[in-house]
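Assemble chains A and W onto chain Z, guided by the hints.
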Amino acid sequence: MKESIVPAAPMAHHTTPSGEIYPGALNLEKVREAHRVLHQTRDTITADGNTAAAIATLQMWRCILFAGFPITPSTKYIETVAAHISQQVGGKKRVKLMEAEHAVADYLVGAAAACRDLIFPTATSSVGLDHMTETTRSLGASGLGNVLLIDVYRATANFPLCIEGDPSDTLAHRDDGFIQIACRGKQQIYDTVVQSPCLGMHHDVMTPVMPGYYGIKDSHRNARLTVEPDKEIHAFQDRWIKPCPFPGLVNGDTAFGNCVTSRHFQGFKVSQKRRMDRVLDVLPQISADFERQFGRPGLAFFDAVGFGDDGAADLAVVSLGPDFGTFESVREEYARRSGLKVAGIAMRLLTPFPRDAVRKRLERAKAVLVVNQAHHQGRGHLTLDVADALADLATPPRIVSVFAGIGGADVSEITWEQMLDHGRGALEGRAMPPWAVFHEGRQL
Amino acid sequence: MSGYKEIALRDSCFRPGSTLCPGCMESIALQNVGRVSDNGLKTIFTIGTSCAEVSSLAFPNVVAWGRGEGSPDDYAKSFSIIHNVFESAPTLAEAARDVSDMLLDHGALDRPIQVIGASGDGGALSIGLRSLLHTIYRQSRITMIVLVNEIFANTGFQYSPATTPFAETSTTPVGAAQSGNPRLPLDYIHLAIAAGAGMVAQVSPAHGKLFVKTIEKALACPTTAVVFVPAPCISGWKFDDGETVHLAELGAQCGTYPAFIWEQGKGGSVKDCAMEAAERPAVEEFLGLQRRFHHLVQKDPESGKFTARAGREADVERLKAWTQSNVERLYRLAELR
Amino acid sequence: MAVLMDEGAARSVDFAQGVPPGGTFVLNTRHTPDECARHYHLTGRVVTVPGDDIGTKYLKHAIGNVSLYIAAARAIGGFGIEQLADSFLETLKKRRIPATILERNRAALLASAESIREGTFDEAGPDDHPLAEWAGYGDLPIGAQTPLRLSQSNRTSDYAPSGFRLRFEDPATACTGCAHCITNCPEGIIRFVPDAERGLLVTGVDVSTFCKLCGECIAVCPEHLFKEVPFEDRWEEVLAS
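As given, the protein sequences belong to chains Z, A and W, one line each in that order. Residues in the first sequence are numbered from 19 upward in steps of one, following this note's numbering. Residues in the second sequence are numbered from 13 upward in steps of one, following this note's numbering. Residues in the third sequence are numbered from -16 upward in steps of one, following this note's numbering.
For the record, the hints were derived by calculation from the structure and aren't laboratory data. Among the hints, erroneous ones may be present.
Quick list of simulated restraints, FRET-style, between CB atoms [stated by the list, open to error]:
#, chain 1, residue 1, chain 2, residue 2, range
1, W, V221, A, L198, 38 to 48 Å
2, A, D122, Z, K378, 50 to 60 Å
3, W, A157, A, G15, 21 to 31 Å
With a straight-line cut-off of 25 Å between C-alpha atoms, the simulated DSS-like cross-links for lysine-lysine are [what the hints assert, rightly or not]:
#, chain 1, residue 1, chain 2, residue 2
4, A, K17, W, K77
5, A, K250, W, K40
6, A, K250, W, K43
7, A, K250, W, K77
8, A, K317, A, K221
9, Z, K291, Z, K260
10, A, K317, W, K43
11, A, K225, A, K89
12, A, K250, W, K76
13, A, K311, W, K43
14, W, K40, A, K311
15, W, K210, W, K40
16, A, K250, W, K210
17, A, K17, W, K210
18, Z, K48, Z, K111
19, A, K311, W, K77
Glycine included, every Cβ here is placed at the ideal spot set by N, Cα and C.
The following block holds chain Z by itself, in its conformation from the complex:
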């Protein structure tokens, strides 16, 4: 492509607190027009988790550039994207294969800053996400809500090496500044990816999103998935995603990534924190709109089961991920056999942790059994979050903390029953250990 020196031409511009913006520099309608439709109508397909995420991003007109690097169990995301794009003769979407996850993250920063109205997605896992850390922590504060970083959960650390799924990678990145949303099942994965940029790019939020789902248990298992027509997804997203009020590199006269002294740093972190808090107000609005348009639930703070109208329970479980489905399948039978009211929540919004909503949901439980599925130096990431959420209650439920499913270990029906039995100890007034580990029906 030969560069020509084009004649100078005046262009309208206006001042924002973050620099000057030249709105006329870009006409993104051209990008929307160039989008090639994947699905003309609502279809039902069979897909695994990575495919579900990939299709959702391929259907977005704002996703034209897909940077990636392979790591198990997220690799099929970029493979699916690459397969689609390789078939689009004359198409304008591109795959960008980078040399390392850190390069992918830096590339996303450059791309997202270059054009703040397009969405730049990728998928990674475990040590791949860790390799990005220096940049993810920078992204968290940057205001670049148009970065979509899908984390396919895999036990983090290479020593020993485990390629199977647990949320330790996402939980290790709790304070990077990303909004973190957990999914279970292909439909939630697809729907969450569609809604996430609406949340991240909302003008009150402007924070990148990290949707996540279990490696292997969700990424590699197939199920039926309802995919929406491209034009419906566009209509939904276009209602929420408005032109960024601040300049990007292409349409701006601006500086990103400045160096601040201690005098100001705290102020930026406070402002970042406040924008994160706004998620708690904005997410339900997006979710309600999604449900109105597509006829099924949208994003949620958590999925809840078994609470009934009065919200009371003897034993309430808190966990996340597909293993919660196993709990759901044993719950009624267990409740009947034990004569206890057993309920549970599977977390969806992890960061910011919706402590008020969790408190309200659990305040009428007598005991809470938190099932942590990631290594933690103490009682468990989730346990600490739940304990904090319940701390202000006059008579908080007793919290029993267990670990299961670390490194993707199977959390079988027998294991669930053992954990519920263990949790009953709190109802019987027994002294409980700070934490316990369960596997294959046994306490370790």
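Frame of chain Z, contents of chains A and W only:
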């Protein structure tokens, strides 16, 4: 191509007011790059963590960057700069290049944009070697400027893979058991060529016309152009006021960082640096002006020339041998197509 | 105690801000304590030493840090000059500074002890040296992204050693238009005009705002049209007395 002096009449996007040290070569280089890039194309600049970055992109007062007195009505004179993490300048530049080209291809943008990345030798050759070489390998159409002051200057002048042998740095100090840097420097020019760059140059504004023309060529390069800028650092190399440009010229002429320009398909040349040591200024004259080589040479009161200190003759000979091999290697690299 | 190493800094920074009543000011300056107190509106003990001149005389460089060390020690009190000199020279010895230079330093240290002047003054008015009130962060731009060229108030000429200034003089129009100075000025503040003969003709330098007196133009000009000249900020307080 514009005349060298005509370029001086342009508006630089890098203006006074930075907190860089008086006489900093990074500042001199960026002044010139800023002027050359005022060529009718909007510029996006990416910068790695470095002296140049922390001395200019400060909050709330961003200093030095910005063309003109206020945001210009002419879009081509507007300017953006981004800093992310230490090693990310090449990758950020590649992303800005890809996005702007894709927008152009879609018809969403009606004019091309030029992209320039800048890093120090720390950000491009040490922690950043991965990002630099892969951006070159992917033939990203950017100009990458590597400001080589042979140290991590911003953090207090530590050793870098570009450090001249025997130089004293804060992590390769001179002591009873060690004579400064014990390593030979990385052959970064060869690496850039091997990775597939469209153009590789080593030149500083001490060779003013050559520097300006090199930057112009780099901006027109269809793939990656890498310009290594020898950047004598007054605070890190420890020399007297007003010696920056002189040392940039002397170091190039004596062989520690010869001026060099190479284009893929055409080959290249070594400039202003003879193959024969006898035809070049003595290396000792270069060393003597810098306190980082204070342990190696001293001024002979009679001749007025710098000679090896007692007990350091072998080190000085080894340094001179390396300098000779450095020059010969660049002459050989010039022959690659 | 507030120590002012270089009076150039005092042009952009109120070094007396935050010094409580009864504080001490130690200044590297040729001016007398009385002139300083009136010029800078100081209340408290003012100790001065002409460090740059002592540096020039004994150390061949206009650096006042050696003298200021002695002056600060004197302001604190309880140190003997021999003790101070010995300790200082010990530190220099560790950096393998040669013996001749150590001797010059000793001479400078001793001369400094003889050149200190001091007094106690009350020249600060109620509106002087107000502590900046912190009114909160306000609306910070997200991610510290900012407009460009915000600071034209960053007067980097305050970096130049005080007592000197750059001067460009070309009475005979000797400038050949080689443009070495333009190319090699780190701040880009050489002024020039297009010229039929030379291409570019240098007309001056913007010394008052951004010149850090790095000396590159002095070194690169083949016609030697730039030089460093002594420069003194004329204080009303000195002219009046």
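Against the structure, the hints come out as follows:
1. Under the hint 38 to 48 Å, the C-beta atoms of W:V221 and A:L198, about 57 Å apart, miss the expected range.
2. Look at A:D122 against Z:K378: about 53 Å separates their beta carbons, and that is inside 50 to 60 Å.
3. A beta carbon spacing of about 22 Å between W:A157 and A:G15 agrees with the range 21 to 31 Å that was offered as a hint.
4. For the given pair, A:K17 sits about 50 Å from W:K77 by alpha-carbon distance, which is inconsistent with the 25 Å threshold.
5. Distance restraint check for A:K250 and W:K40: the Cα-Cα separation of roughly 22 Å lies within the 25 Å cut-off, and the hinted pair is therefore satisfied.
6. Between A:K250 and W:K43 the CA atoms are separated by roughly 17 Å; this keeps the pair inside 25 Å, and the hint holds.
7. Restraint check for A:K250 and W:K77: satisfied, since their Cα atoms lie roughly 18 Å apart, inside the 25 Å limit.
8. About 30 Å separates the Cα atoms of A:K317 and A:K221, which puts this hinted pair outside 25 Å; it is violated.
9. For the hint pairing Z:K291 with Z:K260, the CA-to-CA distance comes to about 22 Å; that is within 25 Å, so the pair holds.
10. Only pairs whose Cα atoms come within 25 Å are accepted, and A:K317 paired with W:K43 is accepted, the gap being roughly 21 Å.
11. A threshold of 25 Å between alpha carbons decides the hint, and for A:K225 with A:K89 the separation of about 20 Å falls inside it, so the pair holds.
12. For the given pair, A:K250 sits about 18 Å from W:K76 by alpha-carbon distance, which is consistent with the 25 Å threshold.
13. Distance hint between A:K311 and W:K43 is fulfilled; the C-alpha atoms sit about 18 Å from each other, no more than 25 Å.
14. A distance of roughly 23 Å separates the Cα atoms of W:K40 and A:K311; the hinted pair therefore holds under the 25 Å criterion.
15. A hinted pair counts as satisfied when its Cα atoms are at most 25 Å apart, and W:K210 with W:K40 qualifies at roughly 20 Å.
16. About 22 Å separates the Cα atoms of A:K250 and W:K210, which keeps this hinted pair within 25 Å; it holds.
17. For the hint pairing A:K17 with W:K210, the CA-to-CA distance comes to about 24 Å; that is within 25 Å, so the pair holds.
18. Only pairs whose Cα atoms come within 25 Å are accepted, and Z:K48 paired with Z:K111 is accepted, the gap being roughly 13 Å.
19. For the hint linking A:K311 to W:K77, the alpha-carbon distance of about 22 Å falls within 25 Å, and the restraint holds.
In this structure, the earlier hints numbered 1, 4, 8 are contradicted, and the remaining ones agree with it.
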